[in-house]
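**Q** Residue strings, one per chain:
There are 4 protein chains.
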Amino acid sequence: MTSAGAARIKIGIVGGTGYTGVELLRLLSQHPNAQLTAITSRKEDGMPVADMFPNLRGRVDLCFQTPEKANLEQCDVVFFATPHGVAMSQAESLIKQNVRVIDLAADFRLQDTQVFERWYKMPHSCPTILKQSVYGLVELNREKIAGAQVIGNPGCYPTTVLLGLAPLIQEGRHLIDTSHVIADCKSGVSGAGRKAEVGSLFSEAGDNFKAYGVAGHRHHPEISEQLQLLAGGPVGLVFVPHLVPMIRGMFSTLYARILPEALDTDFQALFEQRYASEPFVDVMPAGSLPETRSVRASNHLRIAVHRPDGGDQLVILVIQDNLVKGASGQAVQNMNLMFGLPESTGLEHVAILP
Amino acid sequence: MTSAGAARIKIGIVGGTGYTGVELLRLLSQHPNAQLTAITSRKEDGMPVADMFPNLRGRVDLCFQTPEKANLEQCDVVFFATPHGVAMSQAESLIKQNVRVIDLAADFRLQDTQVFERWYKMPHSCPTILKQSVYGLVELNREKIAGAQVIGNPGCYPTTVLLGLAPLIQEGRHLIDTSHVIADCKSGVSGAGRKAEVGSLFSEAGDNFKAYGVAGHRHHPEISEQLQLLAGGPVGLVFVPHLVPMIRGMFSTLYARILPEALDTDFQALFEQRYASEPFVDVMPAGSLPETRSVRASNHLRIAVHRPDGGDQLVILVIQDNLVKGASGQAVQNMNLMFGLPESTGLEHVAILP
Amino acid sequence: MTSAGAARIKIGIVGGTGYTGVELLRLLSQHPNAQLTAITSRKEDGMPVADMFPNLRGRVDLCFQTPEKANLEQCDVVFFATPHGVAMSQAESLIKQNVRVIDLAADFRLQDTQVFERWYKMPHSCPTILKQSVYGLVELNREKIAGAQVIGNPGCYPTTVLLGLAPLIQEGRHLIDTSHVIADCKSGVSGAGRKAEVGSLFSEAGDNFKAYGVAGHRHHPEISEQLQLLAGGPVGLVFVPHLVPMIRGMFSTLYARILPEALDTDFQALFEQRYASEPFVDVMPAGSLPETRSVRASNHLRIAVHRPDGGDQLVILVIQDNLVKGASGQAVQNMNLMFGLPESTGLEHVAILP
Amino acid sequence: MTSAGAARIKIGIVGGTGYTGVELLRLLSQHPNAQLTAITSRKEDGMPVADMFPNLRGRVDLCFQTPEKANLEQCDVVFFATPHGVAMSQAESLIKQNVRVIDLAADFRLQDTQVFERWYKMPHSCPTILKQSVYGLVELNREKIAGAQVIGNPGCYPTTVLLGLAPLIQEGRHLIDTSHVIADCKSGVSGAGRKAEVGSLFSEAGDNFKAYGVAGHRHHPEISEQLQLLAGGPVGLVFVPHLVPMIRGMFSTLYARILPEALDTDFQALFEQRYASEPFVDVMPAGSLPETRSVRASNHLRIAVHRPDGGDQLVILVIQDNLVKGASGQAVQNMNLMFGLPESTGLEHVAILP
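Line by line, the protein sequences are chains A, B, C and D. The letter at position 153 of the first sequence is residue 153 when you use the UniProt record's numbering, and the numbering goes up by one with no holes. The letter at position 220 of the second sequence is residue 220 when you use the UniProt record's numbering, and the numbering goes up by one with no holes. The letter at position 238 of the third sequence is residue 238 when you use the UniProt record's numbering, and the numbering goes up by one with no holes. The letter at position 241 of the fourth sequence is residue 241 when you use the UniProt record's numbering, and the numbering goes up by one with no holes.
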């Protein structure tokens, strides 16, 4: 499946023992231009990756290594699938060696370091690099990403909320009441990661539904910062995340009130036009009811635009696989852009249904 | 567990082959004042109930019978756990024999027969009885229920939305903007009933999340009619139901904007006072995050009141078991009232967790 | 629901933060002769039990306490819902105060202390008490249990395997080839407890099936010891446990070869007679296919006896709820016997279906 | 991803509205040498395939057609993803036009037409074609498949049982007691297909475990016929299928007693050698515990060989995705062989985990 003759991109992964890590490995091991070169885990040093993730047996021969052995400077790009705070501690030395950095955690998502410090309880250790970094939501920042050295890969919730609202608020549009937008979001349990926590146990999260983070969630300031950039002013957002007893999948139900002067707008057409040339954003036909399984294990995000009873309330439904378009797939999409590859390379898998 | 000496209530169930039927059987077979007398199913005539529902082995000896054999007129009360339209066709003859009727379908939920006909695609066949019937949401209509001959047992979604909003709009209160209330509701799959339909298959509904009925759901006019009664005027509601891959459980996230003049209200206190003496409505402490499993198989409904960042947006979280408080438990609660029993009789089961 | 006038049994629970703990609390809070008196957790000292387990809100007012404060000696009986090794360290002092002890862990299950030490990696600290203790499988040891001071409550797998095989091997019967019996067992994830472990995460155990412990499982020697007691000689058992993506429920498929001289046996009748008077063992009609949900949250265990093609191979299907008959319900059944109550007291809940 | 210059195989699918159909579409739409040409459904004539299966949006442009319009004779190969009995009614006319046929139902699995008629309740309508057809289990029949005109694609259970037992009984080996082999098999719910049946509802099959078909299952005679061919004599098999609350996945636990003269055999080595060159059969290292998710949505089948306590009982664990290696993936593997393509073409997807 390799492009004949093309040199492959040498890839390092820091911290590949979680779900975004194994998903990166799944995608990159099938990517025609990628060469998995090193993967680090201090704790699992020496263990074959395929022993931890047997879906990779016969496909990934790498062993986990300590960072010291991994020699990440030899790579063309390093993905950080780590807890918050790790990427910013290593970015500088990698950049000096001209290695590109894509961080799947939050270190390069928030430009406002005070906000970062308040929500992540740590000072930002490389504000200069942060300023040069690019928020890796391809559909909003395609050109900047192509030239970036460091990417802050978006959070899963922000990806759905931003792509679901962008057509309504971009380019100085005055279509909705931006003081009261509601994002009622639902995520599969894999969003909580592969950490041993009671709340993520099968017997706790299964056959159950709950809201969490109502009093405050780290993705809220991230969404708000980007919405403000898009709208050119503050956007009032209520954001309530919920936990769904499914493994993968994210569903965001967005509510926005149409401004009186915009009641004649054809919102279906507005969304279709906005995303007409996007390979991974699918604006479904009017009246559609997307389901998360239609993007399971694929990089697609689907949007349906509803206006109940033709009233003044818009209901935007957005779905994605939180581990693909919401994390690792988006990271690979960023990589493709950064290395001049067609954006869809290695990301054209059809979703798994049922 | 019988009250010594007390005559038991003779009970008939029409159409007990679905989930509300088996749940009625579970509750009533353990109810100290109930005597299961007859259960009808034309299709399953002669089959022991416990053959279809083996959880009832050794506890329920009844067989399904045709309506003809069942002699429902001998009962004190008949529950209809049937498709819409059945109860209204049989209510008149039962009432003449002084049998009480509790309909778990929609025949006696909507007082506006035109609305009924639009949503249920059939004319209402007994508008006179409808007028005398009572909407069986105990916490709103306790006194009327006690004297009622016919009860329209509320829909599952309406139970959560109405109890979640009542304290805000009852008694002429002007606390929220009633022109734009949002109910983002999520239901377990048992809400779709025990019908053989592709959309309810394990491999379709499992590991998946979706919205449905965005363009219109039968519970919408039911909620609206009751909200209007409560508020003394129309309430603008956007209602979006979603399907959760769990068996039982319902979670409603309600969004309401606080009116400027009401910003000083202590909403937590308001809810606590409103439901202080209710045995089955639990207003949780401020900051609580209820989960549906905390009421699994019990008749309790729990409410948490949130006001993110102390702003002008209220977020009310409401949970119940859709088959108990949302259907069969509520029906038994109605029966208790109608027969002068303590309201909690036979309904005090502790929820099953995990 | 209290027996009028009867003094309630004062109950202590050590270590009630796991699933067998909350299940004990659910059952005992609804038990007419039980008075929950103290519950210990060193880590959660002071926390209301209902804060951890919100299904108990309004039903259990106790707070967790340190063992020092809990004063367990005042109790009539103490349940240990703790890791292995805790009960045996505290049993002696409780027994001296004439407190009965029911251990839901393994400290009093194995009479052979060498076997105990090999499998549980700790020496047995009170072999004298162990000798007086009784293996709490009611259907096998009813009389001894009634007079016991200390009960070793059986493991979940052993309960199903022993009750499924007992009629075939008890009383010197020579019906099956006891050198090669196979127990292919399947358990819901709650059997792994409420410990934060990666393997029990929703995203690991969900939508997945696997065997575990094939090379050796702690319940194997427990089953073997009891089988040997029943059969009066060693029984060769292959035991393979599997993990099912469901919360509660256990299903054991037992395979035994009929001896040539026993081919004329009516095995259905044999099982029916053996368990005819047992309130919690249900031998289903010939040809039945039991499903775990038919006993969800109830103390019943159901057995179906199959003999495919009328050949020489018996297939015994056994189901239970691993947290009830397989743990906490069985413990309460033991308590009832020890205190002279009707065996079914507080255990007659109908299973939850669906 | 196309092989440059190579003509693509023109493919027809009869009856693509079920799970094996959509899985064929997923695999073939990503297959570099396949050209989806026609798909039939009398009921859904005119409906875009991607409307029924939205995971295919943007990837499959075909509409369902009636068989009359579909002109299947133009195809190089036709897959039948239909109920039993359809393929045999259409095979003759297709074969006359030199179209290859791969039947995913049972019409060409059993050579003994009397057995077929007993289990499938219909006469076999083309016994002559049946005789020329090949049982499409690649690892057993690779050469015959390459030259076949008609393939009977194996059942899902038989694939696991046959590949799990073949190394023990092939080539006249006398290693196990072939009179008493046990196959305790577990399948995800998608194995029941996309039919609207109560037993497959989420609320029936979820959070539940049961056996079914203990008195007889159609895959039993299929397995027995193939085992007899492999062993050169009858093999006594007890086969008990179970239903697991997961969507995809199959797990077979096989029990076989080692013959006294074979106790010295290195069974691990035996299996490794037998499957050393198989691209889709993975004999895992000794002691491994395979889980179904490690092959979710991939064509791999994994085997682990256990011998508890080094005794005389073998326990063979076999996993696959029932819709891929157990159905549609295997069908594509057969197609690859029949058309001279590398066997793995289009089948190298990495399994989805988590």
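Since the hints were made in silico from the structure, they are not lab data. Heads up, some of the hints might be wrong.
If several chains are the same, the list does not tell them apart, and a pair holds so long as it fits within one copy or across any two.
In silico DMTMM-like links for lysine to aspartate or glutamate, alpha-carbon gap of 20 angstroms or less [said to hold, decoys possible]:
#1 K121 <-> D309
#2 K131 <-> E92
#3 K144 <-> E171
#4 K43 <-> E197
#5 K121 <-> D76
#6 K195 <-> E139
#7 K96 <-> E225
#8 K121 <-> E278
#9 K195 <-> E348
#10 K195 <-> D76
On a predicted model such as this, the values are computed, not experimentally measured, just so you know.
**Q** Each of the hints needs a verdict: does it hold here or not?
**A** Comparing the hints with the structure gives:
1. Taking the shortest alpha-carbon separations for K121 and D309, only the inter-copy value of 19 angstroms comes in at or below 20 angstroms, while the best intra-copy value is 45 angstroms.
2. With identical chains, the CA atoms of K131 and E92 are at most 20 angstroms apart within one copy only, with a shortest distance of 13 angstroms there and 67 angstroms across copies.
3. In the homo-oligomer, the alpha carbons of K144 and E171 lie at most 20 angstroms apart inside one protomer (18 angstroms), although the nearest pairing across protomers, at 57 angstroms, exceeds that limit.
4. Within a single copy, K43 and E197 get their C-alpha atoms as close as 18 angstroms, and across copies as close as 16 angstroms, so both meet the 20 angstroms cut-off.
5. For the identical chains of this complex, K121 and D76 are neighbours neither inside a copy (31 angstroms) nor across copies (49 angstroms), given an alpha-carbon limit of 20 angstroms.
6. Within a single copy, K195 and E139 get their C-alpha atoms no closer than 31 angstroms, and across copies no closer than 40 angstroms, so neither meets the 20 angstroms cut-off.
7. With identical chains, the CA atoms of K96 and E225 are never at most 20 angstroms apart, being 29 angstroms at best within one copy and 67 angstroms at best between copies.
8. In this assembly of identical chains, K121 and E278 lie within 20 angstroms of each other by CA distance neither inside one copy nor across copies; the values are 36 angstroms within and 42 angstroms between.
9. In this assembly of identical chains, the alpha carbons of K195 and E348 never lie at most 20 angstroms apart, being 29 angstroms within a copy and 30 angstroms across copies at closest.
10. Within a single copy, K195 and D76 get their C-alpha atoms no closer than 29 angstroms, and across copies no closer than 41 angstroms, so neither meets the 20 angstroms cut-off.
Checked against the numbered hints above, the structure breaks hints 5, 6, 7, 8, 9, 10 and satisfies the rest.
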